[in-house]
Structure formats: structure tokens, C-alpha cells
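J.: The lines below spell out each chain.
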Amino acid sequence: MRRWLLHRTAQATVTLAIALLLIFFLMRLAPGDPLARLSEDRPLTPAQIEALRARFGLDRPVGAQFVSFVGGLAHGDLGTSIQYGRPVTALVSERIPATLLLGGTVLLLNFTVGVWLGVRQAVRRGGAADTTLTLLSLSAYATPSFWLGLVLAWLVGVKWHLLPAAGMEDPLLDPGAGWVAHAADVGRHLVLPALTLSIVSIAGTMRYQRSAMLEVLRLPYIVTAEAKGLPTRAVIWQHAWRNAFFPVLTLFGLWLPLLVTGSVFVESVFAWPGLGSLAVGAVGYRDYPLLMGTSLLAAAVVVTASLVSDLAYACLDPRVRFS
Amino acid sequence: MTVLLEPLRHAWRTPRGRAGALVLLVIATVVIFSPPFLPDPLAQPDPIGGASLAPSITHPFGTDQLSRDVLSRVAVGGRVSLVVAVIAVGLSLTLGALVGLVAGYWGGVVDAALMRVVDAALAVPRLFLLLLVLAMSERVPVWALVLLIGATGWFGTSRIVRAEVLRLREESYVRASEALGASPRRVIFRHLLPNTLGPLLVAATLGVGDVILLEAGLSFLGLGIQPPAPSWGGMILDAREVLVTAPWAGLFPGVAIVLTVLSANLIGDAVRDAVDPRGA
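Residue numbers (this note's numbering), protein chains in the order written: chain R, 1 to 323; chain B, 1 to 280.
Here chain B stands alone, though its shape is the one from the complex (with noise of 0.2 Å):
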């Protein structure tokens, strides 16, 4: 555990990580706790004369051209936002761990078919794979959704697990471990996999903003959330008919990510300076 904990804590101590993580707090704080003390984010009270209405002291961040409160979506929204990103980036780095150990351990024909579909996975971009199976779908639920936002981040985790596998093998203390007997698991779980969880760490972080862009970007293709469930990405597209009169609708949740994004990402930087400070 101390190999998690360690750049945790010396994260901590930086001032962009502190920063980091307090805002990041904050925000996770708010979207978890506040709905059932806001009202309703699907209500449309008085699609008439309560739509569009300036941010006010009843709505502090306003309402939308449907007079939905934008507060509560914004909240309830970004509530999907971060469960999706924390299970796919979950689901990411699983896979990844996994392949990498598996082709930095055997090697051979198995590393190299695995690289090749790696490098190919990587050509084309993230947002492309997803489009391809999207686009032809039904509306997508939003398991299948962080199914499929997992399944698509794993391939550059893959990349950095093998490094350090190969790097890793060659210490004398992995050639000891062998050399006495031990089974490809033990090693592979006693050995290897604790030296990565490092590097895991750092994917792990930078993995959320990435993630919580990404699924911003397909809601707002429509893609991803399905309206009329509140998501960052949709309330932006939904907003975009509405920017000249209506603008705080797609102001509050295009903020909601830059905060969400940069707290995650300032995190990941100074958990990445821990690990390899040669980066700073």
C-alpha cells in the first residue's frame, strides 16, 4: 500500500495537489450530497413563463429554455459524470495491467501481437472508436456507455505496464524469485504487479479528466447520456440554441468540467512528479 500512498501524501504536499484535491472535493461533495436539496433536475414547472430565467436567489445558476433549474442538473449531471469516469477508468486500468503483464511476462509472439493491435488501437483516435459503435447503436444505457468508454482507454496503460515489466524482469531480485521456483503468478502478483501500481496511479488520475471530457464530448453529439437525464456534455448541446438569450445554461456546466478536469488533472501531475520526478 505504501506504494500508493507514498506519492499520494507527496502529492499532498504540493500546492497544485493540495489545490487539486480540495476542489475536486468540493465538487464531489456537492454532486453527491446536494440533489435531494435541490429541486427536481427533469421538472419543467412553468415551461412558460419560468423558462430562460436569469440566475437568481430561487435559481442561482438560472433555468433552462424547458425552465428547468440548471443548479440541480448541473449537480446531478456531474454526479453521472464522475461515476462513469471513476468505473471506466477503473475498468481501464484492470485491462491494461492486465495485457501489459501479460506481454511484458511471456514475451515473444504474444507481446508482439499484442503491441501490433495496441498500435493500432492507438492510430485510430479514442473518439472514433467510440463514434463507430455509437453511431449504429440503440440509445446506449449507461453501463453499456462505461463499458465501452473502458474498453477503448486501456491501450496506453497497457504500454506503460509492459515497460516496466521488461524493465523489472531483469532485476535480480525477479531472476532470485525464478531462480527458487516460484510460479508465473506468484511472480507475475508478488513481484511485478505491486512495482506498477505506480505508474497505474498516475494513469489512473490523468484517466479522469480524459474520461470526463470524453463523455462530455459524446453527450454532446447525443451519444452519450441520454437526455432527458441531465449530463455536462448535453446541457451544453441543449444550450447552444439558446447562447444569445439563455447563456448561463451552457456557461455553469461547461465550467462544472474545466473545474472537474483541471482539479483531476493537477492531482495526477503532482502524483506523477512523485513517481518519476525527472518529469518536473
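Looking at chain R on its own, in the form it has when it is part of the complex (with noise of 0.2 Å):
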């Protein structure tokens, strides 16, 4: 167990570092230096120009721009944002909070909803519910996240006045109310984003409880939980459920992509405060360390959520410990 665990830890790391390459390489594969464009949306002149290149190192061979990049991240220094002058590192901590409640959010809708309703379908397999289901969820699997946010915020938002369409927060909120007004503020604003990214997210958890539990469903030891008499809820939830849970936590690791990038939409359309948001406007400003910046920790907490999601599963089934 422990062999395995330092062996899998080790290739998170190899995966990290050849993802930081990748990242760093990429950057540079576009025509010119990071730099070549700015000129074009602000009055720069040549000689300002060639002054940010030598701030940002770019006059130096890419070998050594390499080198630095990496001495920096070592003290936690990912370079500085053109865009707003300041650390990405600090930028990118202040968006965290927001980032992590929002996908906090979507994670226990995906968890909770999609799980019952994959565990739903399951039991009534080929039934009217399980294909009407089955249809809706890969709908919402079809489903543009950028396109389903902006129709909620139209409808529910700007048409029928329900719930707020942008932001984290009501500027005209009085800052000296009370911390229960603030966070059912929050509350409020939360909704449609979370919505719409679990909306699109969530068929995969459904999908693939469905199948994990149509697997257990089929071996003996449920047949001798009905044979004993057990309750049915007893029978699907205490002795089906409990083996069927594991194979989807390592989905995990795989649709976390999925929602990193779904929130990167998201949070563009309804201006939610967090990191695909930044990212976004990394992108517009040709800003090319923050853009740097969050794609790297993207790809961290990917990869972390699947070495996760493996030393989860290893902990709960033994079976995988051991073999």
C-alpha cells in the first residue's frame, strides 16, 4: 500500500512537471513574443515596448526564460499580470474563494442529485422514467454552458426579476448588515451559475452511478437481501448503493476538466468573481503570465483531484488495496 501510494504520488508529480512544460512551450508557439500584439489595442510606443520585453525577460533566449520561470514558481512567484501590474499569484489567490464556492456547489448537486437519480434509474432500468432521464441528461450533456447560462439569466434574471443575473454580490447592499444578510446575498447570486453548470455537468455522475449500480444489482448477494425479506429501500441503498458508490468517485478525476472548463463559461457569462472569469479576461488582454498562471493551476488541481479521487477509492475497497 505504501509502495503504491509513494509510486502513484511520484507520477502526479512527473505529470505536473511535464503539464508545466507543455504549458510554458505552448505560450510560445504563437507567431512573435507574447508582447508582439500589445501594441495593437494601446497607444505603446516601440521603445515602451522593448522596455516591458526586458521587465518580463522576453529579450532573453527562451531556454533561460524557462529556467527563471520555473526558479520563480519554486517561491511561489508566477510573474506579473500586464493586464492589472500586480503578483498573478496574489490575483489569483483573492479568486479562489469564489472559484471553490461555486464548484463546491456544483460538486454537491452532482454528488447528491445525480447520484439518486443514477441510483433511480438503475432500479426502474428500461422504464418510462429511466428513458426519459436518460434523454434529458444527455440533452444537458449537449448543451453549450455559456448558452443555457445566458438563456437563465434572460429568463429568470432580467425577464422575470427572480433571481440576480451577474456578480457575487449587491453593490447596494448596506455593508454594515448583518453577515446572515450578506451570505443570503451570496445565496441569491450563487443560484443560476450553480445551476447551470450542474445542469451540464451532471449527467456524467448520473451515467455512470446508473451503470455501476446495474452492475451490482446483478450479483447474488441482492438476491439474497430480497430472498431475506429486507425492505427494498434497504436492499437498493444499504447493500447496492454502498458498492455501487465507489466506482464513481473515480469519475472524479475524470469530468473535473469538464467542470473546470464549464466554469470558465460560467463564470464569464454571469460575472462571478473566480478563476475562469480572470482567465477570460487573460485572454482579452493578451495577459499572457495570468493566463499562464491559472492554466497551470488548473491542471493542478486536476491532476490532484484524480491522484484523489485513486487514494480515495483505495482506502474504501480494500479489494483495490490489496491486489
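Any given hint could turn out to be false.
As the list claims (entries may be wrong) - Non-contacting residues of chain B with respect to chain R, defined by C-beta distances greater than 12 Å in every case (computed):
#1 His-10
#2 Gln-65
#3 Val-110
#4 Ala-176
As the list claims (entries may be wrong) - Derived coverage of chain B by chain R (criterion: at least 3 residues anywhere in the stretch with Cβ under 8 Å from a Cβ of chain R; other residues may be distant):
#5 118-126
#6 206-217
#7 229-243
#8 246-252
#9 263-276
None of these hints come from the bench; they were simulated from the model.
Computed from a prediction, not measured in an experiment: that's the story for all the values here.
For every residue, glycine included, the Cβ atom is placed at its ideal position computed from N, Cα and C.
Each of the two chains sits in its own frame; use the hints to bring them together as a complex.
T.: This is how it looks when you write it as C-alpha cells:
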């Protein structure tokens, strides 16, 4: 177990290191250097651009740039944002809470509602409810998150005035209001982005839970449990689901990239002040240090999540540990 | 060829496979053949009086804020989307199959090195890979966009092909062929590749939907198909400003995306069940 753990962690580290290399060199793949087009949308003289180039170290060979980038990274320094003129790490850490709140809510929704729906589908396999839910989840999976977000913002936010359609806090809310009022305000702003992101990503959990559950429901011990006369609810949730939930955990590492991608669009549509909208802003400003920083963070999150889901699986299911 | 035809035939026999195929056929027919009969998608006949008109007989999907016909923009944009998706997926599959075959067949250091790169590439979400290149580039022509989307889509496929090759290498007919002195090329193209076509077909049908969503997303961020050329994602971006006054300008391209991706995924789903019945 310990060897496996070490091996898996080492593997994740190597993966992340190669991802870092990939991100750095992809950025340099575009013709010219990252500042070459800066003067197109800003009144900058060639001399100013040269000065910027020297400041960002772009006048040095690519190899040397890479070494200093990695050296900076080791000190927790990801460079300075062009758009904000502030350290990338500071900008990123300011945005983390909002993204965690949105992502956490969506995870919670997917792992409760999605799992529950998947189990119901498996239990009533082939029935009208199963077919309808499959079609609905596939349609949701085929829906672009930015489009769904805009439609919901238009209907719920603008047309019916039910919920706020942009931002995370009401700027007109009295700052002296209690934390309950503030939390409720953030909660109201959270509903639409979380709903959008959850709808487009819940299909994966549902499908995986459904097929894992079907596998388990075929096993003899379920027949035994039913034959003993246990109530159906107990057979489904206590006997079958406990074994059918583990495979869904491994899925976590697989569809996290989907969630990260989705949050880029959803945050941008709802002006949610998280990492996704930060990345979109960086694209608009061709702010390459910021874009590299957010991409690197996305990769780190994906690698860590897949490591954690593997570890969780090994902890929960002894068959994995001892094989 | 039976390797490819049999799953397709099976998919056609399932209700969802058939529904997906029929809807996709209708969409493909409309986007390929209708544009000559529709107004020019770039023309702005009357930017003041004819802007943001609600759907009517003359403009079944209405007009956008620049008085352009939404139906013809959806049709021409769909043409671009479908062509981009098909070529990019073809490219991804070729690359993925190649890398998977090489890694699985030669194994050892080659395999380990290739798979570490694939792991790393899979760790950076595909959207970010594309953002990194596109954000710093000039206006990207469509062919370069296709190349980039294709070049960032093969990682998963190579894993699948590699796993399949590793399994097949242990089969007695492959070992017999090697023992008889068959060249690596013969083993790969005669014995290994044909047997990976099933999983590749699944990856192809499911990949089309993914690429359509990805291209629409890039165009929505202004990095995909460049205006004034119509694209589904770009139309939704334009419609963002007029969502309240002319919702149809954004609704129709979105519905087109959902229908196309859904039908491609329905086919892919049915094909997967035919190739790998365990998942059903």
C-alpha cells in the first residue's frame, strides 16, 4: 500500500512537471513573442514595448526564460500580470474562494442529486422514467454552458426578476448589514451559475452511477438480500449502493476538467469573480503571465483530484489495495 | 469493413441510434443544401429598419441587430461547424491511433515516455491548451483552427488504442504471426489496427459532439471562427448584447448546437453499446 501510494504520488508529480513544460512552450508557439501584438490595442511606442520586453525577460533566450519561470515558481512567484500590474499569485488567490464556492456547490449537487437520479434509473431500468432521464441528461450534456447561462440569465434574471443575473454580491447592499444578510445575498447570486454548471455536468455522474448500480444489482448477494425479505429501500441503499458508489468516486478525477472548462464560461457569463472569469479576462488582454498561471492551477487541480480520487478509492475498497 | 459496419448497423437498429442518425441527417442536409436558397448571411440589407425583427415568413428565425437573416447565418455557421468537427476529429483519431499503436507495440521506454506526455496533456483541460495558443496569435484562419483542435484531441484516443493493442499482443494469432516472421508493419496494420477500429469508431462519433461544443465555446470567446463569418458560438456572442430585445438571435444557434451534439452523442452511445456491450 505504501509503495503504491509513493508510486502514484511520484507519477502525479511527473505529470504536473510535464504539464508545466507543455504550458510554457505552448504559449511560445504563437508567432512572435507574447508582447508582439500589445501595441495593436494600446497606444504604446516601440521603445515602451522594448522596456516591457526587458522587464518580463522576453529579450532572453527561451531556455533562460523557462529556467527563471521555474525558479520563480519554486518561490511561489508566477510573474506579474500585464493587465493588473500585480503579482499573478496574489490575483489568483483572491479569486480562489469564489471559484471554490461555485465548484463546491456544483460538486455537492452532482454527488447528491446526480447520484440519487442514477440509482433511481438503475432500479427502474428500461422504464419510462429511466428513458426520459437518460434523454434529459444527454440533452443537458449537449448544451453549451454559456448558452444555457445566457438563457437562464435572460429569463430568470432579466425577464422575471427572480434572481440576480450577474456578480456575486449586490453593490447596493448596506455594508453594515449582518453576515446573515450578506450570506443570503451571495446565495441568491450563486443560484443561477451553480444551476447552469450543474445541469451541463450532471449527466456524467448520473450515467456512471446508473451503470455501476446495474452491475451490482446483478450480483447474487442482492438476490439473497431480497430473498431474506429485506425492504427494497434497504436492499438498494444499504446493500447495493454502498458498493456501487466507489466507482463513481473515480469518475471525479475524470470529469473535473469538464467542470473547470464549464466554470470558465459560466463565470464569464454571470460575471462571477472567480478564476474562470480571470482567465477569460487574461485572454482578452493577452495577459500571458496570468493565463499561464490560471492554466497551471487548472492542471494542478486536475492532477490532485485524480490522485485524491484514486487514494479515496483504495481506502474505501480493500480489493484495490491488496491487488 | 465489417468491423465498422456491424456496430453502425446495430446502432441503427436501436431507437436512440436511429433518432440521432435521422436528426443529424436532417441537420446536415439543411446546412449543406439550403444556403443557396437563403439570403446572404453577411448582407445587412437595412441596419436601421430591418434590425432585430421577430421571426416571420420572410425571416423564419428573425434578424439580428445588424438586420442579417438569422436562419441563413445558422445554416452557414452549421456548415462551418460540421466541417471543422469532422476534419478535426479525423485528425485526432489518426494521431491517437498512431501514438497508441506505437506505444502499445514497442512498449518499454517509448511507451512510458509517450504515456507520461499524454497524462500531462490530459491534465491541462483542452480549452486551456487552446487558449494558450490562440490568445497570443493573430486572427486564426479556419484551417489552423482545425489543426489546433485536432492536435489537442488525440490524447484520450491514444490511451484507448494502446490498451487495446496491449491486450491484442497477447492473443495467440498475433504471437503466431510474429513467430512466423511477420514484420512489425504487417503485424500493426494487418492484425492490430483493424481490431482497434471498433473503439476508434466510438471515439469518432462521441468526438464530433465534443468538438462542436469546443469550437462554439472558442467562437463565443472570440477566438474561434472570426467574424463576420457566421458561427454558432459567434452568433451567441453577438446576441448577448440584444438578449432582451431580440432573443431569437441567440436562441436558434443554441438550439442548433444542442440538437446536433445530442444526435451525434446518441449515435455514439448506440455504437458504444454495440462495440462494448458491458456498459449497457
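J.: Hint by hint, note whether the structure agrees.
T.: Each hint, compared with the structure:
1. The beta carbon of His-10 of chain B is kept farther than 12 Å from every beta carbon of chain R, the shortest such distance being approximately 18 Å.
2. The Cβ of Gln-65 of chain B sits about 15 Å from the closest Cβ of chain R, beyond the 12 Å cut-off, so the non-interface label holds.
3. Non-interface status of Val-110 of chain B relative to chain R is upheld: no Cβ of that chain comes within 12 Å, the nearest being about 16 Å off.
4. Distance check for Ala-176 of chain B against chain R: the nearest CB is about 31 Å away, which clears 12 Å, and the non-interface claim stands.
5. Requiring three or more residues with a Cβ within less than 8 Å of a Cβ of chain R, the coverage given for the region 118-126 of chain B holds, as 8 such residues are present.
6. Under a criterion of three residues with beta carbons nearer than 8 Å to beta carbons of chain R, the stated coverage of the region 206-217 of chain B is upheld, 4 such residues being counted.
7. Counting residues of the region 229-243 of chain B whose CB lies closer than 8 Å to any CB of chain R gives 5, which reaches the minimum of 3, so the coverage claim holds.
8. Chain R is given as covering the region 246-252 of chain B, and this holds because 3 residues of the stretch bring a CB closer than 8 Å to a CB of that chain, at least three being needed.
9. Evaluation of the coverage hint for the region 263-276 of chain B: fulfilled, as 3 residues show C-beta separations to chain R shorter than 8 Å, against a requirement of three.
Comparing the model with each earlier hint shows no violations; every hint is respected.
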